[in-house]
Amino acid sequence: MQLIDSHTHLDFPDFDADRVQLLARSRAMGVERMVVLGVYQSNWQRLWDLVQTDRQLYAAFGLHPVYVDQHRPEHVSELGEWLNRLAGHPQLCAVGEIGLDFFLPELDRDAQQQLFEAQLKLASDFQLPALLHVRRSHAQVIATLKRFRLQRGGIIHAFAGSREEAREYIKLGFKLGLGGAATWPQALRLRKVIADLTLDSIVLETDSPDMAPAMYPNQRNSPEHLPDICRALADVMNLRPEQLAEASTANACEVFGWALPL
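Residue numbers for the sequence shown follow our numbering, so the first one is 91 and each next one is one higher.
In case anyone wonders, no lab produced these hints; they're calculated from the structure.
Don't take each hint at face value.
Pairwise CB distance ranges (calculated) [unchecked claim]:
{"#": "1", "residue 1": "Pro275", "residue 2": "Arg136", "range": "30 to 40 angstroms"}
{"#": "2", "residue 1": "Leu194", "residue 2": "Asp286", "range": "27 to 37 angstroms"}
{"#": "3", "residue 1": "Met119", "residue 2": "Asp325", "range": "11 to 21 angstroms"}
Glycine included, every Cβ here is placed at the ideal spot set by N, Cα and C.
Based on the sequences and whatever the hints tell you, model everything.
Rendered as structure tokens:
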């Protein structure tokens, strides 16, 4: 199976001790390309330095809603400067991780919304897809996306919404990112929704080092786990793993504007 991990945080210190070996093991298992997402201004340079060591790593830059209290207005301007400086670079693939998080009550919703809209505008201006964090905020995210209508769409990371919400995102040109959460047997509602999704709507992800799948509980998540996640989700969808792998890889290539692997 050839796979693309569409959502990782491989720049995090969790991987400092064995990152090179982990990448080699992942490639040996068929996980050829991986997207590394920025979450705050101070990790963008580290992220870009990492991506420059490996032609099959790709960078997305963004200001994550969970860190809204750390972000400053000038960070949005700096994000625009990064995107402008790297425009057209083959390893710049998206704006992200951005979005809305209404799960944590201490996060200012108005500040999140302002930040989200400013970054969606950058995605629109630079004609890049957007990689979205959406937690307890589907209605507001969908309403916002309907106003912006991004030309390149993007991915709803760790999708856990309803069938109706899935349909709305798909109509807006977004793919649904699936990973470890849906491999847990107790995720009954999510698994029912996933079973009804069409193959052209799905991309696979790990969110490494977070969101470990059921077969690796309480462990650091890793792109190495993506083949097992693929097999588990294919079972939920009543597919062969190779079918899901082929479709998710093609869908990721469509989002990011990449050539299909040979």
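Taking the hints in turn, this is what the structure says about them:
no. : hint                                : verdict
1   : Pro275 x Arg136: 30 to 40 angstroms : holds, 37 angstroms
2   : Leu194 x Asp286: 27 to 37 angstroms : holds, 30 angstroms
3   : Met119 x Asp325: 11 to 21 angstroms : holds, 18 angstroms
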